[in-house]
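Taken in order, these protein sequences are the chains called Y and A. According to our numbering, the first sequence is numbered sequentially starting from 1. According to our numbering, the second sequence is numbered sequentially starting from 1.
Since the hints were made in silico from the structure, they are not lab data.
Under 7 Å between C-beta atoms, here's a sample of chain A residues computed to sit facing chain Y:
#1 201
#2 351
#3 357
#4 360
#5 361
#6 390
#7 392
#8 492
#9 495
#10 496
#11 499
Pairs of lysine-lysine residues, derived as BS3-like cross-links and limited to a Cα-Cα distance of at most 25 Å, are as follows:
#12 A:453 / Y:305
#13 A:453 / Y:348
#14 A:458 / Y:301
#15 Y:272 / A:361
Quick reminder that beta carbons are idealized off the backbone N, C-alpha and C, glycines included.
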Amino acid sequence: MEKNIKYDYWWAGMERYFPARLKMPVMEAGSSKRLYEMDKEELINIEGISTNYAESIVEKRKRWDIDAEYEKLLSMGIDFIPFYDERYPKRLINTPGHPFAVFSMGKLPGDDKHSVAIIGARNCSEYGRMQAQHFGTELAGYGVNVISGMAYGIDGVAQEAALKVSDRVYGILGCGVNICYPAANRRLYELLKEKGGLLSEYGIYTKPRSCLFPPRNRIISALAQVVLVVEAREMSGTMITVDMALEQGKEVAVVPGRVSDPLSTGCNKLIKQGAAAVTCAEDVMYMLDELFENNKKKSEKIRIKMETDEKKVYSNLEPYARSIGEISDLTGLDIRRTICALVELGIKGVAKETGKGYYVRIMECEPV
Amino acid sequence: MFSSVMSFGIHGIEGFCVKVEADISDGMPMFELVGYLSSEVREARERVRTALKNAGYVFPVKRITLNLSPGNIRKQGTGYDLPMAIAILCAMGEINHEISEDTVMFGELMLNGEVSAINGVLPMVIKARSMGIKKCIVPHANAKEAAMVEDVSIIGVCNIREAVDYLNHDVVPEPITAESSAGMDNGSYKDTDLKYVKGQRIARRALEIAASGMHNMLMIGAPGAGKSMLAKCIPTILPPLTKEEALEVSSIYSVAGLLGSGEGILKERPFVAPHHTVTDIAMTGGGMYPRPGNISLAHRGVLFLDEMAEFSRYTLEVLRQPLEDRRITVTRNGGSYVYPADFMLVGAMNPCPCGAYPDLKRCTCTQTRRQRYFGKLSRPLLDRMDICVQVERLDYSHMLKEEAAESSVEVRERVLRVHKIQKERFEGRGILFNSQMNPELLKEFAGLSKEVKDWFAKALDSLMISARSYNKIIKIARTIADMEGEVNIGREHISEALQFNSAGDIPFL
Numbered sequence: 001m002e003k004n005i006k007y008d009y010w011w012a013g014m015e016r017y018f019p020a021r022l023k024m025p026v027m028e029a030g031s032s033k034r035l036y037e038m039d040k041e042e043l044i045n046i047e048g049i050s051t052n053y054a055e056s057i058v059e060k061r062k063r064w065d066i067d068a069e070y071e072k073l074l075s076m077g078i079d080f081i082p083f084y085d086e087r088y089p090k091r092l093i094n095t096p097g098h099p100f101a102v103f104s105m106g107k108l109p110g111d112d113k114h115s116v117a118i119i120g121a122r123n124c125s126e127y128g129r130m131q132a133q134h135f136g137t138e139l140a141g142y143g144v145n146v147i148s149g150m151a152y153g154i155d156g157v158a159q160e161a162a163l164k165v166s167d168r169v170y171g172i173l174g175c176g177v178n179i180c181y182p183a184a185n186r187r188l189y190e191l192l193k194e195k196g197g198l199l200s201e202y203g204i205y206t207k208p209r210s211c212l213f214p215p216r217n218r219i220i221s222a223l224a225q226v227v228l229v230v231e232a233r234e235m236s237g238t239m240i241t242v243d244m245a246l247e248q249g250k251e252v253a254v255v256p257g258r259v260s261d262p263l264s265t266g267c268n269k270l271i272k273q274g275a276a277a278v279t280c281a282e283d284v285m286y287m288l289d290e291l292f293e294n295n296k297k298k299s300e301k302i303r304i305k306m307e308t309d310e311k312k313v314y315s316n317l318e319p320y321a322r323s324i325g326e327i328s329d330l331t332g333l334d335i336r337r338t339i340c341a342l343v344e345l346g347i348k349g350v351a352k353e354t355g356k357g358y359y360v361r362i363m364e365c366e367p368v
Numbered sequence: 001m002f003s004s005v006m007s008f009g010i011h012g013i014e015g016f017c018v019k020v021e022a023d024i025s026d027g028m029p030m031f032e033l034v035g036y037l038s039s040e041v042r043e044a045r046e047r048v049r050t051a052l053k054n055a056g057y058v059f060p061v062k063r064i065t066l067n068l069s070p071g072n073i074r075k076q077g078t079g080y081d082l083p084m085a086i087a088i089l090c091a092m093g094e095i096n097h098e099i100s101e102d103t104v105m106f107g108e109l110m111l112n113g114e115v116s117a118i119n120g121v122l123p124m125v126i127k128a129r130s131m132g133i134k135k136c137i138v139p140h141a142n143a144k145e146a147a148m149v150e151d152v153s154i155i156g157v158c159n160i161r162e163a164v165d166y167l168n169h170d171v172v173p174e175p176i177t178a179e180s181s182a183g184m185d186n187g188s189y190k191d192t193d194l195k196y197v198k199g200q201r202i203a204r205r206a207l208e209i210a211a212s213g214m215h216n217m218l219m220i221g222a223p224g225a226g227k228s229m230l231a232k233c234i235p236t237i238l239p240p241l242t243k244e245e246a247l248e249v250s251s252i253y254s255v256a257g258l259l260g261s262g263e264g265i266l267k268e269r270p271f272v273a274p275h276h277t278v279t280d281i282a283m284t285g286g287g288m289y290p291r292p293g294n295i296s297l298a299h300r301g302v303l304f305l306d307e308m309a310e311f312s313r314y315t316l317e318v319l320r321q322p323l324e325d326r327r328i329t330v331t332r333n334g335g336s337y338v339y340p341a342d343f344m345l346v347g348a349m350n351p352c353p354c355g356a357y358p359d360l361k362r363c364t365c366t367q368t369r370r371q372r373y374f375g376k377l378s379r380p381l382l383d384r385m386d387i388c389v390q391v392e393r394l395d396y397s398h399m400l401k402e403e404a405a406e407s408s409v410e411v412r413e414r415v416l417r418v419h420k421i422q423k424e425r426f427e428g429r430g431i432l433f434n435s436q437m438n439p440e441l442l443k444e445f446a447g448l449s450k451e452v453k454d455w456f457a458k459a460l461d462s463l464m465i466s467a468r469s470y471n472k473i474i475k476i477a478r479t480i481a482d483m484e485g486e487v488n489i490g491r492e493h494i495s496e497a498l499q500f501n502s503a504g505d506i507p508f509l
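Make a model of the complete structure from these sequences and hints.
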């Protein structure tokens, strides 16, 4: 097949929202350059190109400067990688329905390393946040590629934690790679661009749309060997990713939640269906054949010095928000002493105020 | 034949002296009013003419000129009717002597010669007293209000005849005595009392701290948790209005026309709770003929903004300057008006649009929605809310508990004690409360020991609290220490202050 990246880039621009349709006509015609040179009648004869589509192709290429447009893309520091390119991730090319091309900033996920996708709810609990942080840090510490969607909640937390120990962290976006969505994750976006990598199959300046995220999720699962679900409701984008992972034959690992917790209904259902329940990063590494059961290192709890009141309060904190009043009732301490102990625990970094007057435990430790 | 009568007008909430001059001369019969008058003053012509006729006087068929001096201030309102009528009667010779300058009068006339109530009598009488005036002739309906000012004899008249009789023969229609100022605050808060508030230990504590140091407060809680009820209790635990404060507050209400006629002055601390659709002008005061707004009506009291996030952003932002200056300057084409606005701001809002956060089992809001909801309160405004507290939704077990809660009277006693400590501390410093301390005073009265300072610095760092909250936390800690009767601020005081620190430092993720 004739390789001409500038023409491929032009062709990639033909489908803003359904890039999955791009590949077939190119294979049919031989190359995108050929498509560029065809007239309308010839285009209609290609499978997958309707009359309307052919018209719009003809229209669009009149306004498209092949050289200038590609120069512009490169000047933005964005790589355009069509499927035949050798830098195109191998794990992706082996997936049916892989993108015609990907846009990337920063690094590309290397195929030499194991890779795990950490996914979960955007509207996550403090427990989920804690687990995402834990798994993100630990797995990144093992040198594994950490793949996720840079969303609010689990995704972002896991990636941010992973970036602290490694730069093999990759964000797969459901919008143009030059757009930061959600905008509040700007810091993470810049970090990923600088240290890790950003990847998207959508052209630059494509705005996020709800319909773009499920196809994005297939790339997340395709790039990973194990998909780790931290917290998910039963009907959620996370479960879509899991479905895709299963279709692609990937392993699915789940961090168990409470039976009664609506945020973990998805997780618990997956466990019931036979997904692996994992409680530490080593469990995941074991799934990746990196570690064997007997090699597991024992995780040690951090010891933190606490006063009597603080110990009492700490033992009554949960990863779920509890109000000061509740805690005071449970510990039998009066409001003022409870408040003093909570503030002190906050300073020690084991508790956190998530809503006004509501505290959660954010660190497991051994009070001494 | 010329005569003159003293009267008063209102500028902002201050009275100013107006001299009403009348001249009756020969010539073409006419009745002319001059002196930079607004249309309602101009209309007085017909009221005065008819009222005089119906009171039994013969309106002279001569050239009559009335002037309201000074001529460079716009005269508004209907209070000049009575002085105009009296000035004419005096010029006609119906009043047997010249009216001395230590007598002032104001009142609106009705066509049958009766005198009806006007707005702003109280500030006018206060101003009159300060100018050394001894006698005030006021509408009978305003007499009680005017009588609250000491050292001025008040003559309440029902009609022109009574005014003339008084001036000619010293016949006082009905002596008006001031209500005793003792027991200013008794029994006025009928159904509001902290003893009816069940549970809510934290909110009660925050309420007491806020009242003790006059700190602004933000309450966050689920719908139906009792935020409004708690807010309504704040005036009941604040000290009763002093005589001076009562006069000051009543003056504002008098100008706004909100002082019920026949009643004396206000006895309760104001509690103003505008609906969230209120406009910025209604909040600050203004209009073509400026009137005091909600913040001035809440002077020396509480301005309660329920559903604070629903107020228009602009309406909230205008609060910032009055919160600092404790007064508001309203400038209109008629001039600049200064209204006092020393109030305690109390806001209430839900933790998120659905009200269930942080209970993620029930909360249906996305993070973006929550952030947007909180984003409606700007950072500078949140910084002015010293105390932020959650109001928990009560479960039935608490509701059914019959244990008696502390009543407002008991709490008020403690608050009074703390107010006294502050008054002594800030003697001669121009402020009354801890919340008003500037950085210099903070250094003087709220210094921390080395050990506490180090611990506080560490706490700020690990709790990720911005430096701008530093002073605020110290101020609250000062109040908490005062409540304990401690001279030095300790760790436990700062600890509690940190908990009540405003929402500005909570990421609400």
